[in-house]
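Each chain is listed here by its residues.
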Amino acid sequence: AQSVTQPDIHITVSEGASLELRCNYSYGATPYLFWYVQSPGQGLQLLLKYFSGDTLVQGIKGFEAEFKRSQSSFNLRKPSVHWSDAAEYFCAVTTSGTYKYIFGTGTRLKVLA
Amino acid sequence: EPEVTQTPSHQVTQMGQEVILRCVPISNHLYFYWYRQILGQKVEFLVSFYNNEISEKSEIFDDQFSVERPDGSNFTLKIRSTKLEDSAMYFCASNAGGTDTQYFGPGTRLTVL
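The listed protein sequences correspond, in order, to chains C and E.
Residues 863 to 975 in the working numbering are what the first sequence lists, from first letter to last.
Residues 61 to 173 in the working numbering are what the second sequence lists, from first letter to last.
If we strip away everything but chain C, and leave its shape as in the complex, we get (with noise of 0.2 angstroms):
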């Protein structure tokens, strides 16, 4: 069956410091792959999107995800967090013959000052 993995419920990081979320991926057919984030109240904004081509992709607020085929994975990482990224952070995917997006389960990132 279709699913996407965030193993990481929670994570907390420093202001400052690198960043990871990990994002894997079980899909039958060729992938789209999305990260979006969800501060508290907030609706879904769009980060990032993988459809093809590069599999380094940059998005908004400094982010970045690379698409590795081989692992299934989509990780996202920002070289310097902000507290402003405290947020919940959801990957999706999708592909071609279907509408629907399937989203993994969130992390939910804290920041320490």
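In case anyone wonders, no lab produced these hints; they're calculated from the structure.
Any given hint could be a false lead.
Derived Cβ-Cβ restraints for the label pairs, each shown as a range [claimed, not checked]: (1) E:Gln74 to C:Gly890: 38 to 46 angstroms; (2) C:Gln933 to E:Gly132: 39 to 47 angstroms; (3) E:Thr73 to C:Arg931: 39 to 47 angstroms; (4) E:Glu78 to C:Gly890: 21 to 29 angstroms; (5) C:Arg970 to E:Asn111: 21 to 29 angstroms.
Here are some, though not all, of the chain E residues that point toward chain C, as calculated from beta-carbon distances under 8 angstroms [to be verified]: (6) Gly158; (7) Thr159; (8) Phe164; (9) Gly165.
Distance condition first, Cα-Cα at most 25 angstroms in a straight line; then the derived DSS-like pairs of lysine-lysine [what the hints assert, rightly or not]: (10) E:Lys117 to E:Lys138; (11) E:Lys143 to E:Lys117; (12) C:Lys923 to C:Lys911; (13) E:Lys143 to E:Lys102; (14) C:Lys911 to C:Lys930; (15) E:Lys143 to C:Lys923; (16) C:Lys972 to E:Lys102; (17) C:Lys930 to E:Lys117; (18) E:Lys138 to C:Lys911; (19) E:Lys102 to C:Lys911; (20) C:Lys923 to C:Lys972.
Quick caveat, the model's predicted, so the values are computed rather than measured.
Beta carbons are placed, not taken as given, at the ideal position from N, Cα and C, and that holds for glycine.
Assemble the complex: chain C is given as a structure, and chain E must be docked to it using the hints.
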């Protein structure tokens, strides 16, 4: 920048009552979606809608749910007889089509008492 809007932001209802959640998708988008997120759980796909028809739906989207595009701008989700387990955040999304990025609204928090 155009955005998806949803009303109301919070809806409280009694079990067994009908509720209608409203969404205004981005104006040039053709595909519309509803997702829900039960507190503490992942975002789940409910239904997609294109050309005045449901194009895909999940097993959650049973006979108690319906969607409609009553005019050129609104997209609604109706729950005929709400249950306690319908309490969740409901997100509307839209896109131009296919695997194009889906843009999410801020959500409606539905509380069923």
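Evaluated hints:
Evaluation of the 38 to 46 angstroms hint for glutamine 74 of chain E and glycine 890 of chain C yields a pass: the beta carbon distance comes to about 43 angstroms. Look at glutamine 933 of chain C against glycine 132 of chain E: about 45 angstroms separates their beta carbons, and that is inside 39 to 47 angstroms. At roughly 46 angstroms, the beta carbons of threonine 73 of chain E and arginine 931 of chain C sit within the given window of 39 to 47 angstroms. Against the hinted window of 21 to 29 angstroms, the Cβ-Cβ separation of glutamate 78 of chain E and glycine 890 of chain C comes to about 39 angstroms, which falls outside the hint.
Against the hinted window of 21 to 29 angstroms, the Cβ-Cβ separation of arginine 970 of chain C and asparagine 111 of chain E comes to about 38 angstroms, which falls outside the hint. For glycine 158 of chain E, the suggested interface contact is upheld, since its CB lies about 7 angstroms from the closest CB of chain C, less than 8 angstroms. Given hint, threonine 159 of chain E at the interface with chain C, holds; its Cβ is 5 angstroms from that chain's nearest Cβ, closer than 8 angstroms. The interface hint given for phenylalanine 164 of chain E is met, as the beta carbon of that residue sits about 4 angstroms from the closest beta carbon of chain C, less than 8 angstroms.
Hint on glycine 165 of chain E holds. Least Cβ distance to chain C is approximately 6 angstroms, under the 8 angstroms limit. Straight-line distance between C-alpha atoms of lysine 117 of chain E and lysine 138 of chain E comes to about 14 angstroms, which keeps the hinted pair within the 25 angstroms bound. A hinted pair counts as satisfied when its Cα atoms are at most 25 angstroms apart, and lysine 143 of chain E with lysine 117 of chain E qualifies at roughly 19 angstroms. Taking the CA atoms of lysine 923 of chain C and lysine 911 of chain C, the gap is about 14 angstroms. The hint holds against a cut of 25 angstroms.
The suggested pairing of lysine 143 of chain E with lysine 102 of chain E holds, with an alpha-carbon distance near 19 angstroms, which does not exceed 25 angstroms. Between lysine 911 of chain C and lysine 930 of chain C the alpha-carbon distance is near 14 angstroms, which keeps this suggested pair within the 25 angstroms criterion. Among the hinted pairs, lysine 143 of chain E with lysine 923 of chain C is inconsistent with the structure: their alpha-carbon atoms are about 39 angstroms apart, more than 25 angstroms. For the hint pairing lysine 972 of chain C with lysine 102 of chain E, the CA-to-CA distance comes to about 19 angstroms; that is within 25 angstroms, so the pair holds.
Restraint check for lysine 930 of chain C and lysine 117 of chain E: the C-alpha separation of about 30 angstroms exceeds 25 angstroms, so the hint is violated. With a CA separation close to 31 angstroms, the supplied pair lysine 138 of chain E and lysine 911 of chain C exceeds the 25 angstroms bound. Using a Cα cut-off of 25 angstroms, the hinted pair lysine 102 of chain E and lysine 911 of chain C holds, with the two alpha carbons roughly 19 angstroms apart. The suggested pairing of lysine 923 of chain C with lysine 972 of chain C holds, with an alpha-carbon distance near 16 angstroms, which does not exceed 25 angstroms.
Violated hints, listed in ascending order, are 4, 5, 15, 17 and 18; each of the other numbered hints is respected by the structure.
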